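From first to last, the protein sequence lines stand for chains A and B.
Whatever position you read off the first sequence (first residue = 1), add 9 for my numbering.
Whatever position you read off the second sequence (first residue = 1), add 1224 for my numbering.
Mixed in with the good hints, there may be bad ones.
Below, simulated DSSO-like cross-link-like pairs (lysine-lysine); rule was C-alpha separation at most 27 Å, straight line [said to hold, decoys possible]:
#: 1; chain 1: A; residue 1: K311; chain 2: B; residue 2: K1494
#: 2; chain 1: B; residue 1: K1624; chain 2: B; residue 2: K1593
#: 3; chain 1: A; residue 1: K136; chain 2: A; residue 2: K91
#: 4; chain 1: A; residue 1: K269; chain 2: B; residue 2: K1494
The hints are simulated quantities; they were obtained by calculation from the structure and are not laboratory data.
Keep in mind the model is a prediction, meaning the values are calculated, not measured.
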Amino acid sequence: MLSRVADSLYWMSRYAERAENIARILDVNLQLMLDLPKLGPAEQKTLWEPVLRSTGDHVDFFEYHKEASSDNVIEFLTLNPKNPNSILNCLTASRENARHVREQISLEMWEEINRIYLWIKSQTLKKIVRQGPYEFFSQVKNASHLFQGITDGTMTHGEDWDFIQVGKYLERADMTTRILDANDEIFVSKPAVTQTAGTLHWSAILRSCSSHDSYRKFYVAQVEPDKVVEFLILNEFFPRSIRFCAQSLNDALRRISGCKEEHFTNLAEKLAGRLVSELNYSALEDIKTVGMHTYMDDLQIKLNGIGEAIFQAYLFSPPLPLPESEPKPEPAPGKAQGQSQKQGKATAAA
Amino acid sequence: MALLDKYHPGDFFDEMFAAEGEVRPHYATLHERFQQLDREEFEQRRQAVDAAFLRQGITFTVYSDEQGTERIFPFDLVPRIIPNAEWTKIEAGLVQRLRALNLFLKDIYFDQRIIKEKVVPVEDIISAKHYRPEMRHVEVPRDIYIHICGSDMVRDREGTYFVLEDNGRCPSGVSYLLENRVAMKRAFPNLFGSVGVRPVAHYTQDLLTVLQYIAPPNGRNSPTVVLLTPGIYNSAYFEHSFLARQMGIQIVEGQDLVVRDKKVYMRTTKGLEQVDTIYRRLDDDFLDPLVFRKDSILGVPGLVEAYRAGNVSLANAIGTGVADDKVIYKYVPDMIRFYLSEEPILANVPTYLASNPKECEYIVTHLDKLVVKSANESGGYGMLVGPASTHSQRADFKAKILENPRNFIAQPTLNLSRHPSYCDGKFEGRHVDLRPYILYGEKISIIPGGLTRVALRKGSLVVNSSQGGGSKDTWVLYGDS
Chain A
10 MLSRVADSLY WMSRYAERAE NIARILDVNL QLMLDLPKLG PAEQKTLWEP
60 VLRSTGDHVD FFEYHKEASS DNVIEFLTLN PKNPNSILNC LTASRENARH
110 VREQISLEMW EEINRIYLWI KSQTLKKIVR QGPYEFFSQV KNASHLFQGI
160 TDGTMTHGED WDFIQVGKYL ERADMTTRIL DANDEIFVSK PAVTQTAGTL
210 HWSAILRSCS SHDSYRKFYV AQVEPDKVVE FLILNEFFPR SIRFCAQSLN
260 DALRRISGCK EEHFTNLAEK LAGRLVSELN YSALEDIKTV GMHTYMDDLQ
310 IKLNGIGEAI FQAYLFSPPL PLPESEPKPE PAPGKAQGQS QKQGKATAAA
Chain B
1225 MALLDKYHPG DFFDEMFAAE GEVRPHYATL HERFQQLDRE EFEQRRQAVD
1275 AAFLRQGITF TVYSDEQGTE RIFPFDLVPR IIPNAEWTKI EAGLVQRLRA
1325 LNLFLKDIYF DQRIIKEKVV PVEDIISAKH YRPEMRHVEV PRDIYIHICG
1375 SDMVRDREGT YFVLEDNGRC PSGVSYLLEN RVAMKRAFPN LFGSVGVRPV
1425 AHYTQDLLTV LQYIAPPNGR NSPTVVLLTP GIYNSAYFEH SFLARQMGIQ
1475 IVEGQDLVVR DKKVYMRTTK GLEQVDTIYR RLDDDFLDPL VFRKDSILGV
1525 PGLVEAYRAG NVSLANAIGT GVADDKVIYK YVPDMIRFYL SEEPILANVP
1575 TYLASNPKEC EYIVTHLDKL VVKSANESGG YGMLVGPAST HSQRADFKAK
1625 ILENPRNFIA QPTLNLSRHP SYCDGKFEGR HVDLRPYILY GEKISIIPGG
1675 LTRVALRKGS LVVNSSQGGG SKDTWVLYGD S
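Throw the hints in and build the complete structure from the sequences for me.
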């Protein structure tokens, strides 16, 4: 498979997943606010700032706005054409990458990503408000689920499909670390946090990861911060836990190269395998010992490292030297060194 | 009232009507079925087809628009029909023409007999913008230069077919032909059986066969064929990706290919993989910055060297543009006589060369009656339609012609045939042309029909999509009615 094709499949998948995650985070936060007493600007700000940190947009956002309110955060993260992480731009980027590899993906996949693109191009903030943001967010989430389902159901599960999985799980793991990191203060028990308000928050975080029902089923218990952390990081079977994502990512990388477990043929496999082992042999106490914030930063550094290693191993081909006898041409076209498409997020660890 | 009751063919050759109310026999079944539709039904089907094109992303990019707007290529639901006997003659004429053009290319890049015997003046060849001296004495696989040709044909007031130009570089539009057929089958499924329409869907298979046929012998089992595109922002990108998908081959950009030891490879996730045939949708100028335009970032450094060494095949060959030149066009009937000792089956449109002083005099004094074209432009650019021009446009062209006579030719303004087309809720006559697609591999084959382009603007003679043109499905019948 062409490196360029693998690159486009990977980013097509990442951007679709990102759009879904942003829709879910916004949706949950809006619903959370409905459960709280009427909020002044200061309270609104405390509720929206973690959202902006989760998506990695807090720096960019405050260049345009003084205060974070429901209206301006939603505008910024849904249809704002200047924000590379707005849902509009994520879906556009996903579709643009799909267009690049249209002959590689199934017709059904193309039509679905093209449909959601045409749909979001036709949206306005007014429309979103009128029909209720819930409707808008559920359209985005459903489109992503449909796209992933169509991908699994209509595409050959070969190397190209595996690159789609790599993109999807890397993005998902990344987003889960960001959500936990952005909300780390509410895991530190403060006397001011009442039990009810705390439960609301922790539940909101679970719902941001689509994991509320799974959590209940797994623990059959109250929502407690420790268990929330344990579930979202270390659960073996929940498809959005970091451990599950790391495992799936590692599996996909091994299918691509044909390298068996416990071995590695490139840096990406080495780092992914190491991360899986670490998560497999970790418990909640280990996280608490280092502290949530440090632990999440460390995870993000590792995930970024895997992303960069994948890029070096598969997606990027260094320009080859030209035959000496020929006159020297213009500088070779193509990608600059480093990951080819901007991640569009400030790395928390940076 | 039925849909076509108030239709006036006007003072033109109308494809469907011999005279007002008098339907040509090969349109009879279609006409009858259309008359049973009411306006609302027709409008619904039209909207369904447009929506399907948009959903499938069958669009082209509008260059002038900063938003990168994608538009669908307007599609007219009334198909153009060609009876079998008429098609058989067109087919024979196009095959003859392509054989002659190909022998011409082989000749001018090797022995130049046609120049020595003074059939074509040497100046006209050397001055052709797309003549490539780099191709002198370079053997091309199986001596075929133009593998894919898209000739433009028109009919005059009497209904006679003329070849207007031979597109022997990178003719585009075949994907629209194929998609138009799919759309028509969805919109009018029952019509096809009752009318008896020859299929077109085998085109991509035939194209792949040609591309494999011309591959250099490599000792491996099956040749690797790729399609080279300028990239996603090219207005024909949809077509490139469509053809690659239909053939099941890789679509590559220049940056995906690399030349090592005069062999071409693509960069894959598993390392380098050798390429045998490149179906390039990139003009000669951009192919290789080491040989042609130095500023091309779309091409592959070293590609021409690999091609000359016989390690990779290109379709079409480099240097075919000389046969595409509108000055050289004038000599095609002479080429047919010279190389094949046959009389041309299809006529050329009479052509005046501004480089000939006598003809130039005629051109500049009859600008209001002629169509002037620059020798190497395409897409309907660089053109003056005399009868529709203003005084200042003519003055402007006169100056341009006198400044660079080699670059201009003129032809009488043809009264192009018209076809009923659906415009703003009613049927009106609009001018049409026909672009058949010809493939040259082990033998020459043409898919029945071609792309019928229609000038949807009232009175317009320009069918190009960049100038408000649309297209129609083209039906070649099994029989004659």
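So, going through the hints one by one against the coordinates:
1. Between A/K311 and B/K1494 the CA atoms are separated by roughly 25 Å; this keeps the pair inside 27 Å, and the hint holds.
2. Only pairs whose Cα atoms come within 27 Å are accepted, and B/K1624 paired with B/K1593 is accepted, the gap being roughly 17 Å.
3. At most 27 Å may separate the alpha-carbon atoms for a hinted pair to count; A/K136 and A/K91 meet this at roughly 20 Å.
4. For a cut-off of 27 Å, the pair hint linking A/K269 to B/K1494 stands: about 17 Å separates their Cα positions.
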